[in-house]
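Asks: One letter stands for each residue in the lines below.
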Amino acid sequence: MIACNCIVQAGQISAETEASLRTFVNDFAERHFGTPAEISWMAIPEKSGFTAARPSTSSIISMRANMPVSQADRETLLRELCSVWARETGRSLDEIVGVLSDPMPN
Amino acid sequence: MPLYLCNTAKGAISDAAKPKIAADITRIHCDVTGAPAKFVHAFFVEEAAAPPIDGNTAVLFGSIRAGRTDAQKARIISEMRQSIHTHAGIELDEIAMLTTDVPAAWAFEGGDIMPEPGEEAAWLARHEAAPAAE
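Taken in order, these protein sequences are the chains called A and B.
Per the working numbering: the first sequence = residues 30 to 135.
Per the working numbering: the second sequence = residues 399 to 532.
These are calculated hints, taken from the structure and not from any lab test.
Just to be clear, a hint being listed does not mean it is correct.
[Said to hold, decoys possible] To give an idea of the interface, some chain A residues facing chain B are shown, with a C-beta separation under 8 Å as derived from the structure: (1) I36; (2) W70; (3) K76; (4) Q100; (5) G127.
Here the structure is a predicted model, which means the values were calculated and not measured.
By construction, the Cβ of each residue, glycine as well, lies at the ideal position given by its N, Cα and C atoms.
Using the sequences and the accompanying hints, generate a full structural model.
Replies: This is the structure in structure tokens:
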């Protein structure tokens, strides 16, 4: 399983969009890493999320790969992940943060 | 990135205190590192599974770009804990904080791989010349 932490702002993503994003993330993990995603979904309560000290509209998607990823591949994967997230949520890429980490060292 | 995620016991930080602490977190991070404010995310949750509270009243977990010195991290931790103490009234010894380094090359924000520490100005100039679409 590919660990994926999704942090969103409560009330800014509908249940339907959340379901679509979960499906996409799972599919993304299977296509690129050959195994489903283990998704941890955290909604930041209203009045509790800030970006640049102002109320936040940001989503943060953090995924840990199961194999080392080249920087060229990482950029391609993050661009896909964040672009789809932006499209599904109707947000701009300025409001999406993606992180793709290498596996934890043994 | 950075992301500062504050997990507390229920009701430990009021809604009135959160924007004050978030403003301090943003200012402190920018003062210490020189990073632009637009990169700084400060989120508050209660009784979440992570980051673990481990018997404290509040824990602040900072995911920051790798490359900061130990002295910078120590100042960030000291000043941010003090901000929570000041605005939320939580005793300092009940506020835990730790940071973790994330390579800038692993993070994507604003439609681009994040800049290495110290390379923000060129990144911002490039980014503002071609704003992220979608």
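Asks: Each hint: holds or not?
Replies: Outcome of the hint check:
This hint holds: I36 of chain A has a C-beta 7 Å from the nearest C-beta of chain B, less than the 8 Å allowed. Using the Cβ-Cβ criterion of 8 Å, the hint placing W70 of chain A at the interface with chain B is not satisfied: the shortest such distance is roughly 11 Å. Using the Cβ-Cβ criterion of 8 Å, the hint placing K76 of chain A at the interface with chain B is satisfied: the shortest such distance is roughly 5 Å. About 6 Å separates the beta-carbon of Q100 of chain A from the nearest beta-carbon of chain B, less than 8 Å, and the hint is met.
This hint holds: G127 of chain A has a C-beta 4 Å from the nearest C-beta of chain B, less than the 8 Å allowed.
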